[in-house]
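Student: Starting from the given sequences, assemble the full structure and let the hints guide the process.
Just so you know, the protein sequences line up as chains A and B, in that order. Numbered by the numbering used here, the letters in the first sequence go through residues 12 to 190 in order. Numbered by the numbering used here, the letters in the second sequence go through residues 19 to 117 in order.
None of these hints come from the bench; they were simulated from the model. This structure is a prediction, so every number in the text was calculated from the model and none was measured. It cannot be assumed that every hint is accurate.
The list that follows gives simulated cross-link-like pairs (lysine-lysine, BS3-like), each with its CA atoms no further than 27 Å apart [as the list claims (entries may be wrong)]:
1. K113/B to K90/A
2. K92/B to K42/A
3. K70/B to K92/B
Interface residues of chain B toward chain A, partial, derived using beta-carbon atoms under 10 Å [as the list claims (entries may be wrong)]:
4. G71
5. R76
6. K78
7. V86
8. Y87
9. L105
10. P107
11. R110
From chain A, some residues computed to sit far from chain B (all C-beta separations above 12 Å) [stated by the list, open to error]:
12. K42
13. G69
14. L133
Just so you know, even glycine gets a beta-carbon here, dropped at the ideal spot from N, CA and C.
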Amino acid sequence: MKVWDRFVRVAHWSLAACVLAAWITAELKLKSAEPLHEWLGYAALAVIVLRFAWGWTGPRYARFRHFVAAPSRVLDYAKAVLRGVERRYVGHNPLGGWMIVALLATAALASLSGWLSVTDRLWGVEWIQEVHEALGNAVIALAALHVAGVVYTSWRQRENLAAAMVSGVKRPPEPGDVV
Amino acid sequence: MTTTGLLCGLCVAAACTLMASGAQATGFATCDAGPREGWQPQDKLAAMLKEKGWQVRRIKEDGGCYEVYAMDEKGQRTEVYFHPRTLAPVPRGAKDHKG
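Tutor: Spelled out as structure tokens, the structure:
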């Protein structure tokens with residue numbers, strides 16, 4: 012069944028590409044890579060803004076209301092994962108839903124802080140540089156955790172979730188699955 | 019799992035890039051300025067640049083050079099490396115610049 016709409020998929024892979032390329036261009040420490048790094052940040056911010064808007068107006072599985080679960084449900088799901096008895100979610104599971112919020116928010120703040128650090132007002136100011144670097148590292152750490160979660164859940168459910176983010180299609184729900 | 023494989027490959031490539039760059043210096047240039055006793059004070063560099071009409075925002079050490087963030091005489095944002103012994107500008111990408 013179709014779960015991830017075209018916008019969600021394009022936004023996902025665009026943001027992933029921006030984050031990965033921004034990381035590489037930052038670590039290269041080359042003067043020639045700086046303009047590209049800055050534009051990657053602006054592009055990421057644009058994608059995030061559109062994704063937030065889509066989270067209110069988009070179809071069912073794209074909506075924050077659908078996948079941002081209450082803390083008690085997140086805790087219950089985490090306990091179920093640890094016991095190996097978690098249910099299959101056709102959309103985002105409660106942990107995955109919060110990872111999306113965390114990634115979008117952290118990446119948005121990383122982009123914004125990078126933008127601020129090249130304004131006349133904050134140019135060369137130590138704290139904004141430190142904040143930007145810390146947020147950039149946090150995005151990479153969250154992205155690594157996100158990939159680990161995707162690999163683990165793919166293995167648990169015998170379904171390639173990364174491929175599902177390319178095609179948009181997932182196995183139809185079975186009895187006991189959360190739709 | 020080809021997509022997952024691709025993702026893992028990308029991450030490994032990125033991690034390698036990170037480590038490869040981490041093994042080198044952390045900045046845009048490196049200086050060979052000898053013992054610190056021969057270094058000129060940052061204040062002198064700041065005064066020199068102020069004389070030129072620059073508004074110095076920050077001076078820090080990076081790769082054995084002085085790294086300066088400033089607004090230049092035209093009010094443009096600028097980031098330049100200087101040699102701690104000679105206070106001469108160091109070109110971007112210079113390795114163990116002797117000043």
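Student: Could you tell me which of the numbered hints above are not met by this structure, giving the numbers in increasing order?
Tutor: Violated: hints 1, 4, 9, 10, 12 and 14.
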